[in-house]
Each structure stands twice: as C-alpha cells, then as structure tokens.
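Residue numbers (this note's numbering), protein chains in the order written: chain A, 1 to 116; chain B, 1001 to 1115.
Since the hints were made in silico from the structure, they are not lab data.
Everything numeric in this text was worked out from a predicted model, so none of it was measured.
Each residue gets a CB set at the ideal place from its N, CA and C atoms; glycine is no exception.
Treat the hints with caution; some may be incorrect.
Computed footprint of chain A on chain B; a stretch qualifies when at least three of its residues, placed anywhere within it, have a C-beta under 8 Å from a C-beta of chain A [what the hints assert, rightly or not]:
1. 1033 to 1046
2. 1103 to 1109
Covered, in the sense of this in silico footprint (three residues per stretch, anywhere, with C-beta under 8 Å from a C-beta of chain B), are these stretches of chain A [said to hold, decoys possible]:
3. 34 to 46
4. 107 to 115
Looking from chain A toward chain B, a few residues come up when the C-beta cut is under 8 Å (computed) [as the list claims (entries may be wrong)]:
5. Ile-51
6. Lys-69
7. Lys-103
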Amino acid sequence: AQSVAQPEDQVNVAEGNPLTVKCTYSVSGNPYLFWYVQYPNRGLQFLLKYITGDNLVKGSYGFEAEFNKSQTSFHLKKPSALVSDSALYFCAVRAASYNQGGKLIFGQGTELSVKP
Amino acid sequence: ETGVTQTPRHLVMGMTNKKSLKCEQHLGHNAMYWYKQSAKKPLELMFVYNFKEQTENNSVPSRFSPECPNSSHLFLHLHTLQPEDSALYLCASSQERTSGSNEQFFGPGTRLTVL
Chain A
1 AQSVAQPEDQ VNVAEGNPLT VKCTYSVSGN PYLFWYVQYP NRGLQFLLKY ITGDNLVKGS
61 YGFEAEFNKS QTSFHLKKPS ALVSDSALYF CAVRAASYNQ GGKLIFGQGT ELSVKP
Chain B
1001 ETGVTQTPRH LVMGMTNKKS LKCEQHLGHN AMYWYKQSAK KPLELMFVYN FKEQTENNSV
1061 PSRFSPECPN SSHLFLHLHT LQPEDSALYL CASSQERTSG SNEQFFGPGT RLTVL
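Chain A with its partners taken away, still in its complex shape (with noise of 0.2 Å):
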C-alpha cells in the first residue's frame, strides 16, 4: 500500500534562513512524488514534482526537493525563507506503475512559519 508521511506538523523558521520541510513516502516499485502548497482560504497550489531523472527538483517561488530513493525521502527545502512562504505544505506520491492504483496519496501537510 502506498503511504505518505511528513512528520512534523509545524516548522518554524526565521526569514532569511534555510527551510527543509521532510516527506518520506512508501510505494510498490518506482515513484512519482509531488509537493503542494496551501495558503489560508485557498486550495492546493502545486510546487514541484520528480518523474525520473535527477534527483534535484526545482520549481516555483525558489522551492527545490531532492529525491533519495535509498532513505525513500523527497524533502522539500528553499535556501533562503521569506515570511510569505508562510502556508500549509503537502506531500504526495503516486505509484508509477498505473496497475498499482494509480491514486494520488497526501500527506497530513506540514504547517510552515517563517518569522521576520
């Protein structure tokens, strides 16, 4: 069975430093991993995801998320928080194989805080 886990349920950062927000998942045969963001009243905005290919995945606003498949982690991280990245973090995966399922599993969203 396919399954998600994001273990902390908020984050807190300070502006200007580094954020990881952690994502280990768990699916027969390969991947496919996302990452959405939810700010307040709003529905889920995608980031990112890796298919295949390298490891390191850029998208939007700054956000990155390196895939490690021998720790089955897709951490996502940003180099440098602004306090507008202030929202509620998904992970999600996905088998690639479509005989597995198919269906998109979420995590239970990491809440981010980034202080002035």
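Given the coordinates of chain A, assemble chain B onto it according to the supplied hints.
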C-alpha cells in the same frame, strides 16, 4: 487562479437540506476529482472521474452523490448530511495518461458547515 473554479465558496446547511457543490475546470483536462479536507487530517479522495466515467468511489457515504455531465463540470450533491461532514471540499482536475505523472490542479474549495 488555477483554472478550476468552485461555487459556492461557503455553504451553511441544516441536516435535512439538499444542496449541490459545483466545480468547473477551464484547462481541457480529462479527469476530475472530489476531495474532503478536514482539520488535522490528510486529504481524503472521495470520487474520481475519467472521461466523465466514475472510476473511483472511495467508500463515500451515499449522502454524497457525484455527477459529471461533461469533462469540464463536476457536481457534488448533498443530502441529509451530518455535522461531521463539515469540512473544506476541494475539486481538482488533471490530464490523465497511463503514466499518472501529471499534477492535479485544485480549485479554491467550498467551506461546508452542517448545523
């Protein structure tokens, strides 16, 4: 905005009411989804439509009834709901291929409160 619109944005209803949520996607996608987002819980997939055909019903109670008249519109009909059904209901769409590598685009959601 993301190209996926939802109406209404907020809805308050009694347990005996009947109401409908509407979703429209302007992206030319072939798949649409309903999700339920409750506080402190992961997103719960409710229904999936591919090419207007329902391909997934994730053990959703019958008081929720989806309808997909065409590939651009998706409805969620609500009747005799319970207070625990209060949540944010999100609609999403994607261009589905057999690889499943495409991301989903989400609407802003309908905040539903059941009294």
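Verification of the hints:
no.	hint	in the structure
1	1033 to 1046	holds (count 5)
2	1103 to 1109	holds (count 7)
3	34 to 46	holds (count 8)
4	107 to 115	holds (count 3)
5	Ile-51	holds, 5 Å
6	Lys-69	violated, 17 Å
7	Lys-103	holds, 6 Å
Hint 6 from the list above is the single one not met by this structure.
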